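Student: As they're listed, the protein sequences go chains A and B. Taking this note's numbering, I'd label the letters of the first sequence as residues 16 to 125. Taking this note's numbering, I'd label the letters of the second sequence as residues 27 to 265.
These are calculated hints, taken from the structure and not from any lab test. You may find that some hints are simply not true.
[Unchecked claim] For lysine-lysine, the following DSS-like pairs were computed, each having C-alpha atoms within a straight-line distance of at most 27 Å:
(1) K160(B) <-> K68(B)
(2) K68(B) <-> K87(A)
(3) K39(A) <-> K116(A)
(4) K65(A) <-> K39(A)
(5) K87(A) <-> K39(A)
(6) K165(B) <-> K121(A)
(7) K87(A) <-> K57(B)
(8) K57(B) <-> K65(A)
(9) K57(B) <-> K68(B)
(10) K116(A) <-> K87(A)
(11) K68(B) <-> K116(A)
(12) K165(B) <-> K39(A)
(13) K87(A) <-> K160(B)
(14) K87(A) <-> K121(A)
(15) K165(B) <-> K87(A)
(16) K57(B) <-> K160(B)
(17) K39(A) <-> K121(A)
(18) K87(A) <-> K65(A)
(19) K121(A) <-> K65(A)
(20) K165(B) <-> K68(B)
(21) K57(B) <-> K165(B)
[What the hints assert, rightly or not] Partial list, derived from the structure: chain A residues whose beta carbon lies under 8 Å from chain B:
(22) L50
(23) I56
(24) E77
(25) Y81
(26) N84
(27) R85
(28) E86
(29) L90
(30) I99
(31) F110
(32) E112
(33) F113
[Claimed, not checked] In silico contact screen, one side only, chain A against chain B (beta carbon under 10 Å); selected entries:
(34) A45
(35) I58
(36) S95
(37) L96
(38) P103
Note that this is a predicted model, so its numbers are computed, not measured. We put the CB at the ideal spot given by N, CA and C, even for glycine.
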Amino acid sequence: MTAAFRLVLFAVSVLFYMPAIAGKPEFEVAIRQHLFEPSVIVIPANTKIKLWVSNEDTTPEEFESYELNREKVVLGGQRSLIFIGPLPAGEYPFFGEFNPKSAQGKIIAE
Amino acid sequence: MKNNCANYFSAIAVVMGAASLASADGLPVDKIYAPYVNSLEKELEYRLSQAEGGLQAPDGFIIQRLGFGAAITDSIALEVYLSAQGQDDANRLSGYELEARWQITEQGEYAVDWGAIVEYEHSRDSDVEELAGKIIALKEWGAFVGTANASIIYESSETRGDEFETALSLQARYRYRPMLEPALEFYSAEDYRGIGPVLVGAARLSGANSLRWEVGTVFGLDDDSADFSFRLMLEYEFY
C-alpha cells in the first residue's frame, strides 16, 4: 500500500517537472570528531545531486544550511541521504547544529 | 522550458479548481504545514487565531492552542494540543486535538515534497468531533517556496449532524533571511475565501534549539468571509 502510494506521488511529481527524474551525481561527507570531512564539497552547478552524510561519531548531528534550505538530523553511527540543488554557481555554507563551532563546511557549485 | 511552463500552469489550474470546490466551516485561517519531520525534534507550540465578521465570527471569535509534539521516527511526528475558544476571550479549556504528521518523500527528492496529516479534534463546548486527513505539497523555486494543504474533514456534531467538508490553504513564501520571510496566504473553505500577508521567521538559540514565529492577517474576499482573521504562531523547537 505504501509502495503504491509512493508510486502515485512520484508520478504526480513527474508531471510537474520532468528533469527531476534524471540521474543524480552522488557525493559523500563524513562527520568525525564533530568535523565535516571533507569540509569543502565541489558539485556541478545547475544539477541536482545526492549527498550522503555519514555520522561516524556516537552522538547525533544535524546537517543544517539556510542557504541550501536543508535541515537533517543524522543519528550517531548512521548514514543519511540529502538531495541538494539544482544550484546556481556559488558557495553555500553548512554546519552541524549540535556542534556549530567545529562542524562547518561549504558546498561550491561550479 | 515551454513544457515546464505548461506543467506549472496545469498545476495552478488544478489548485484553482480545488479551491473552487473547497468547503469547510469554522475558522479556516490557521497554520499551513510543511511536510518535513526531523529525527529527535520536539516542539512546544502556541497558536492564536482571532476573527471578526462574516459567517465565521459575527460576534467575534478567538481560539488559542497550546501543543507539544515530538518526532517518533525520522518521518513521523505526533502532536497533542489543548485549545480554548470563545467570542471575546479564550481562557478556558474547550477541547483537544491529536495530530500525526508523516513525511512521505525526502526534501528535494522529487520536484514536489509530499507529506500527510491525520488529525482528530474534540470540542467540549460545542460537542463537535472532527477527523481530518490533510495532504501537504511543497515546491521550491529558488528562494520562493509554495506550500499547499488540502484537507478532507469528517465532522460529527449533535446540533449540525454529520458532514464531510473540504478545505484548501496555500502559502507563497520568499526566503529573504532566516529572521524574516514574507509570505502571502490564501484560504478556501465553506463560506470562506481569504487572502493576506504573513511574516515568518526563526531564530537559532543555544543548544541547537530555535524559536519560530508566524504572524499575519488574512482578509475575507466576500461577504460571507470574516472581514479579517489575525493569526500568530510561536514554536519552540528543541532536542
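Student: Taking the hints in turn, state whether each one holds.
Tutor: Against the structure, the hints come out as follows:
no.: 1; hint: K160(B) <-> K68(B); verdict: 21 Å, holds
no.: 2; hint: K68(B) <-> K87(A); verdict: 14 Å, holds
no.: 3; hint: K39(A) <-> K116(A); verdict: 31 Å, violated
no.: 4; hint: K65(A) <-> K39(A); verdict: 6 Å, holds
no.: 5; hint: K87(A) <-> K39(A); verdict: 19 Å, holds
no.: 6; hint: K165(B) <-> K121(A); verdict: 24 Å, holds
no.: 7; hint: K87(A) <-> K57(B); verdict: 22 Å, holds
no.: 8; hint: K57(B) <-> K65(A); verdict: 31 Å, violated
no.: 9; hint: K57(B) <-> K68(B); verdict: 17 Å, holds
no.: 10; hint: K116(A) <-> K87(A); verdict: 18 Å, holds
no.: 11; hint: K68(B) <-> K116(A); verdict: 23 Å, holds
no.: 12; hint: K165(B) <-> K39(A); verdict: 19 Å, holds
no.: 13; hint: K87(A) <-> K160(B); verdict: 23 Å, holds
no.: 14; hint: K87(A) <-> K121(A); verdict: 16 Å, holds
no.: 15; hint: K165(B) <-> K87(A); verdict: 18 Å, holds
no.: 16; hint: K57(B) <-> K160(B); verdict: 13 Å, holds
no.: 17; hint: K39(A) <-> K121(A); verdict: 19 Å, holds
no.: 18; hint: K87(A) <-> K65(A); verdict: 13 Å, holds
no.: 19; hint: K121(A) <-> K65(A); verdict: 15 Å, holds
no.: 20; hint: K165(B) <-> K68(B); verdict: 25 Å, holds
no.: 21; hint: K57(B) <-> K165(B); verdict: 17 Å, holds
no.: 22; hint: L50; verdict: 17 Å, violated
no.: 23; hint: I56; verdict: 16 Å, violated
no.: 24; hint: E77; verdict: 6 Å, holds
no.: 25; hint: Y81; verdict: 5 Å, holds
no.: 26; hint: N84; verdict: 7 Å, holds
no.: 27; hint: R85; verdict: 7 Å, holds
no.: 28; hint: E86; verdict: 6 Å, holds
no.: 29; hint: L90; verdict: 6 Å, holds
no.: 30; hint: I99; verdict: 7 Å, holds
no.: 31; hint: F110; verdict: 10 Å, violated
no.: 32; hint: E112; verdict: 4 Å, holds
no.: 33; hint: F113; verdict: 5 Å, holds
no.: 34; hint: A45; verdict: 18 Å, violated
no.: 35; hint: I58; verdict: 13 Å, violated
no.: 36; hint: S95; verdict: 8 Å, holds
no.: 37; hint: L96; verdict: 7 Å, holds
no.: 38; hint: P103; verdict: 8 Å, holds
The structure shown violates the earlier hints numbered 3, 8, 22, 23, 31, 34 and 35.
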